[in-house]
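So the protein sequences, as listed, match chains U and Z.
Using full-length UniProt numbering, the letters of the first sequence correspond one by one to residues 1 to 408.
Using full-length UniProt numbering, the letters of the second sequence correspond one by one to residues 1 to 408.
One thing to keep in mind: the hints can contain errors.
Because identical chains cannot be distinguished in the list, a pair is counted as satisfied if it fits within a single copy or across any two copies.
Claimed, not checked - The list that follows gives simulated cross-link-like pairs (lysine-lysine, BS3-like), each with its CA atoms no further than 30 angstroms apart:
| # | residue 1 | residue 2 |
| --- | --- | --- |
| 1 | Lys174 | Lys333 |
| 2 | Lys313 | Lys174 |
| 3 | Lys45 | Lys133 |
| 4 | Lys295 | Lys221 |
| 5 | Lys91 | Lys165 |
| 6 | Lys221 | Lys382 |
| 7 | Lys204 | Lys332 |
| 8 | Lys203 | Lys221 |
| 9 | Lys91 | Lys221 |
| 10 | Lys174 | Lys91 |
| 11 | Lys4 | Lys221 |
| 12 | Lys221 | Lys174 |
| 13 | Lys204 | Lys333 |
| 14 | Lys313 | Lys203 |
| 15 | Lys313 | Lys204 |
| 16 | Lys333 | Lys221 |
| 17 | Lys287 | Lys405 |
| 18 | Lys393 | Lys221 |
| 19 | Lys300 | Lys221 |
| 20 | Lys304 | Lys221 |
| 21 | Lys203 | Lys333 |
| 22 | Lys332 | Lys165 |
| 23 | Lys88 | Lys165 |
In short, the hints are calculated from the structure, not lab data.
Bear in mind the structure is a predicted one, so any value in this text is a computation, not a measurement.
There are 2 protein chains.
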Amino acid sequence: MNYKVLDVNSVIEYLLTIKAIETFFGSDTIKAQEIGDGNLNYVYKVSSEQDPEKALIAKQAVPYLRCVGEEFPLSRERMTFEIRALDKFYKIFPNFIPKVQHSSEEMSLVVMEYLGNHIIMREGLINGVKYTKFSEHISTYMSATLFYTSSLALSSSNKRELMDKFNGNTELCKLTEDLVFSFPFMEHETNDNENVTSNPNAKKLFEDFEFKEKVLDLKYKFMTQSDALLHGDLHTGSIMINKDETYVIDPEFAFVGPFGFDVGALLANLVNNYIHHCVVTKDEEFKEWLLQTIKEVLDKFSEKFLQYWRELKDSALCVSGYLDDRTSEVYKKRFVKNIIRDSVGFAGCKMARRVYGVAGVAEIRGIQDVTLRGEAEELALKIAREFVMNYDKINTSDEILEIIKNAR
Amino acid sequence: MNYKVLDVNSVIEYLLTIKAIETFFGSDTIKAQEIGDGNLNYVYKVSSEQDPEKALIAKQAVPYLRCVGEEFPLSRERMTFEIRALDKFYKIFPNFIPKVQHSSEEMSLVVMEYLGNHIIMREGLINGVKYTKFSEHISTYMSATLFYTSSLALSSSNKRELMDKFNGNTELCKLTEDLVFSFPFMEHETNDNENVTSNPNAKKLFEDFEFKEKVLDLKYKFMTQSDALLHGDLHTGSIMINKDETYVIDPEFAFVGPFGFDVGALLANLVNNYIHHCVVTKDEEFKEWLLQTIKEVLDKFSEKFLQYWRELKDSALCVSGYLDDRTSEVYKKRFVKNIIRDSVGFAGCKMARRVYGVAGVAEIRGIQDVTLRGEAEELALKIAREFVMNYDKINTSDEILEIIKNAR
Chain U
1 MNYKVLDVNS
11 VIEYLLTIKA
21 IETFFGSDTI
31 KAQEIGDGNL
41 NYVYKVSSEQ
51 DPEKALIAKQ
61 AVPYLRCVGE
71 EFPLSRERMT
81 FEIRALDKFY
91 KIFPNFIPKV
101 QHSSEEMSLV
111 VMEYLGNHII
121 MREGLINGVK
131 YTKFSEHIST
141 YMSATLFYTS
151 SLALSSSNKR
161 ELMDKFNGNT
171 ELCKLTEDLV
181 FSFPFMEHET
191 NDNENVTSNP
201 NAKKLFEDFE
211 FKEKVLDLKY
221 KFMTQSDALL
231 HGDLHTGSIM
241 INKDETYVID
251 PEFAFVGPFG
261 FDVGALLANL
271 VNNYIHHCVV
281 TKDEEFKEWL
291 LQTIKEVLDK
301 FSEKFLQYWR
311 ELKDSALCVS
321 GYLDDRTSEV
331 YKKRFVKNII
341 RDSVGFAGCK
351 MARRVYGVAG
361 VAEIRGIQDV
371 TLRGEAEELA
381 LKIAREFVMN
391 YDKINTSDEI
401 LEIIKNAR
Chain Z
1 MNYKVLDVNS
11 VIEYLLTIKA
21 IETFFGSDTI
31 KAQEIGDGNL
41 NYVYKVSSEQ
51 DPEKALIAKQ
61 AVPYLRCVGE
71 EFPLSRERMT
81 FEIRALDKFY
91 KIFPNFIPKV
101 QHSSEEMSLV
111 VMEYLGNHII
121 MREGLINGVK
131 YTKFSEHIST
141 YMSATLFYTS
151 SLALSSSNKR
161 ELMDKFNGNT
171 ELCKLTEDLV
181 FSFPFMEHET
191 NDNENVTSNP
201 NAKKLFEDFE
211 FKEKVLDLKY
221 KFMTQSDALL
231 HGDLHTGSIM
241 INKDETYVID
251 PEFAFVGPFG
261 FDVGALLANL
271 VNNYIHHCVV
281 TKDEEFKEWL
291 LQTIKEVLDK
301 FSEKFLQYWR
311 ELKDSALCVS
321 GYLDDRTSEV
331 YKKRFVKNII
341 RDSVGFAGCK
351 MARRVYGVAG
361 VAEIRGIQDV
371 TLRGEAEELA
381 LKIAREFVMN
391 YDKINTSDEI
401 LEIIKNAR
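Given only the sequences and the hints, what does the whole structure look like? Please build it.
Have a look at this one:
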């Protein structure tokens, strides 16, 4: 079918022509309802009249940024990469990816499992909900998706095939280059300029060339380091969660990039939440749980990544018989430590960009009280700076916790 | 035209159907002669009967390794990448690239300028010929091709387009991964095993896990660092030269990889030649010229690369207004120093692989006297080890010369 933008009526017509959808709903009558949380895309909940629990999500990309309108063009091919990434990640570890019932690159459309019993993790964390299984889940997700799409696991040709499939995601990579690594650290029209103009902390940041030079190293890594298939935007708003289950959604920024970028995105968002609780709720117990969770996420990620690697006897990188066991183990541990280091660097960039850049996070920009918001911003910039200036010297997750705790 | 393997007769028939070739030779009668220096491909000299000076080279890839035969299949698409690289490099700096008159990806064929007044540089250097303009030429070639195909110069989307064009060169990348970074440092059937078995130095190398761990870092960089479009096999056998001109040929290994790999390949081959003269001719004056040339190549490369960069006010990496001039200059100098460091590391791998690996160099493996050859091998391994163990601490080209000179 040739591309056309669907609405609440035509989405039903379209879906009724798809075998898999027909099978899913059987003889039920189906209805669609637009649900409004997509900044970029149109999202519909499609459900059975007879059994409202039986539901799917239909998500379609339009050739512009939905929340702004047609005057902000953004190629709808971003959905192509979301479809491919959902498929790839599902094949690696289905537990953490919504099951796709139908997808069409031509229509820039994906139809998948409706996660009715889960909420956006960011909201849960703001409300102080502890997700005790999260560190276990997300460390498995990250280590498995990153390891099994890297040159440590894939053959040389399979890796290049994977790169081919995602190399075209230029527009969203460019958004990250600009909006994460550049504009938030200089005078720019895209910034939250109401807050920036005549703000001495913004001025200080924009003139912190020591910091910005290190950011440039990390930006260069983002642009040129082809480690593994990334989610590309792994913040707590891309995670649907409840006490028992964790789902990672919205991988439209997926591309083959540096290992540390996904881990760093998550780390940044957990720390931003910690800052929120420092400044707003002052809930010491929840803060303690957050710190513990950060430590567990990082340590379990390292352990599992190493474990997947140890299970592989031969790889494109290290052919069987090249190294002895002892050196091999030393090499792998050093390699994984470097992933964590880069993650800390990327986390610093991601935290700092949320302060004055175009897309703030609810935990900080959402604070109504101006004084408290200023306090949170300062804290975020302080931790971000420590992360960026010292990431390449970090040795343990405890050192990361120390930076976070000592920032006040 | 559908692909078919051409011979000395059908190559003429084919070329007569090509407008550009007809224009080149006018009404002359043309003849073809096979010239035998291709390991991988068929190479014909096509010239005018009336004016033998008027000549072109026709080079066709066959779907196997020509020097071994059909039992060693190697996809003929390697010529696709050679054609694309010749075109790309010629557009950047035509002075150092043979002019292409006709090319066909379908036919895996390229027809280009015949370099009748030039010889393979390796032969000239073995015979002690000093090429006084070489450092000037090759430093321009390397700095221009690497800089202008990198994320430092290209927009984000042009860079990804470039990657798309070369990402398919999987087979030759895999050859390098195996034959440069892995097999020459372990027991393997592809090695020069006559020389390896019961050779204590080979045994020592194969068990030097400290060295091999560092080689693995460099191999990983080769596999995943997408800096710029590389020649991919820039040794002195890929350079045609005379006193006044320098041409870089045979870029079939071209792909988007780490900056230091081309510079390192050249460095390794100049040092191998130095070792030859240490052991065989003992020509102190020529050795001194070689050392001076190595220094000039590296220093001029750095200067020119920096100069191209300074001329660019805005880039995908560093948008205008992001850094102040002072920090920008510090950043760029540090960046270029890191290219030189990586080059030294890659040079070490490339030197060491030539000792016992599948493809030796004339300067060392070609030494008839077993004792002298052993001496040359030992020297090569010693310098290679110093390079690989210390590359990430190198600060100046003089330190590189010290390693080379002190190896005896």
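Going through the hints against the structure:
1. When the C-alpha separation of lysine 174 and lysine 333 is checked against a cutoff of 30 angstroms, the pair qualifies only between copies, where the shortest distance is 25 angstroms, while the shortest distance within a copy is 32 angstroms.
2. Taking the shortest Cα distances, lysine 313 and lysine 174 sit within 30 angstroms of each other only across copies (19 angstroms), while inside one copy they are farther apart (37 angstroms).
3. In this assembly of identical chains, lysine 45 and lysine 133 lie within 30 angstroms of each other by CA distance solely inside one copy; the values are 27 angstroms within and 70 angstroms between copies.
4. With identical chains, the CA atoms of lysine 295 and lysine 221 are at most 30 angstroms apart both within one copy (24 angstroms) and between copies (29 angstroms).
5. In this assembly of identical chains, the alpha carbons of lysine 91 and lysine 165 lie at most 30 angstroms apart whether taken from the same copy (16 angstroms) or from different copies (28 angstroms).
6. In this assembly of identical chains, the alpha carbons of lysine 221 and lysine 382 lie at most 30 angstroms apart only when taken from the same copy (23 angstroms versus 32 angstroms across copies).
7. Taking the shortest alpha-carbon separations for lysine 204 and lysine 332, only the inter-copy value of 23 angstroms comes in at or below 30 angstroms, while the best intra-copy value is 40 angstroms.
8. In this assembly of identical chains, the alpha carbons of lysine 203 and lysine 221 lie at most 30 angstroms apart only when taken from the same copy (26 angstroms versus 37 angstroms across copies).
9. Proximity of lysine 91 and lysine 221 under a CA criterion of 30 angstroms is satisfied in both settings, with 27 angstroms inside one chain copy and 28 angstroms between copies.
10. In this assembly of identical chains, lysine 174 and lysine 91 lie within 30 angstroms of each other by CA distance both inside one copy and across copies; the values are 28 angstroms within and 26 angstroms between.
11. Proximity of lysine 4 and lysine 221 under a CA criterion of 30 angstroms is satisfied in neither setting, with 37 angstroms inside one chain copy and 43 angstroms between copies.
12. Taking the closest pair of Cα atoms, lysine 221 and lysine 174 come within 30 angstroms of each other both inside a single copy (14 angstroms) and across two copies (23 angstroms).
13. When the C-alpha separation of lysine 204 and lysine 333 is checked against a cutoff of 30 angstroms, the pair qualifies only between copies, where the shortest distance is 25 angstroms, while the shortest distance within a copy is 38 angstroms.
14. With identical chains, the CA atoms of lysine 313 and lysine 203 are at most 30 angstroms apart between copies only, with a shortest distance of 23 angstroms across copies and 53 angstroms within one.
15. In the homo-oligomer, the alpha carbons of lysine 313 and lysine 204 lie at most 30 angstroms apart only across protomers (24 angstroms), although the nearest pairing inside one protomer, at 51 angstroms, exceeds that limit.
16. With identical chains, the CA atoms of lysine 333 and lysine 221 are at most 30 angstroms apart both within one copy (21 angstroms) and between copies (17 angstroms).
17. With identical chains, the CA atoms of lysine 287 and lysine 405 are at most 30 angstroms apart within one copy only, with a shortest distance of 10 angstroms there and 59 angstroms across copies.
18. In this assembly of identical chains, the alpha carbons of lysine 393 and lysine 221 lie at most 30 angstroms apart whether taken from the same copy (17 angstroms) or from different copies (20 angstroms).
19. Taking the closest pair of Cα atoms, lysine 300 and lysine 221 come within 30 angstroms of each other both inside a single copy (24 angstroms) and across two copies (26 angstroms).
20. Both within a single protomer and between protomers do lysine 304 and lysine 221 lie at most 30 angstroms apart by alpha-carbon distance, with minima of 24 angstroms and 23 angstroms respectively.
21. For a Cα distance limit of 30 angstroms, the shortest separation of lysine 203 from lysine 333 across copies, 26 angstroms, qualifies, whereas the shortest one inside one copy, 40 angstroms, does not.
22. For a Cα distance limit of 30 angstroms, the shortest separation of lysine 332 from lysine 165 inside one copy, 28 angstroms, qualifies, whereas the shortest one across copies, 32 angstroms, does not.
23. With identical chains, the CA atoms of lysine 88 and lysine 165 are at most 30 angstroms apart both within one copy (11 angstroms) and between copies (23 angstroms).
Checked against the numbered hints given earlier, this structure breaks only hint 11.
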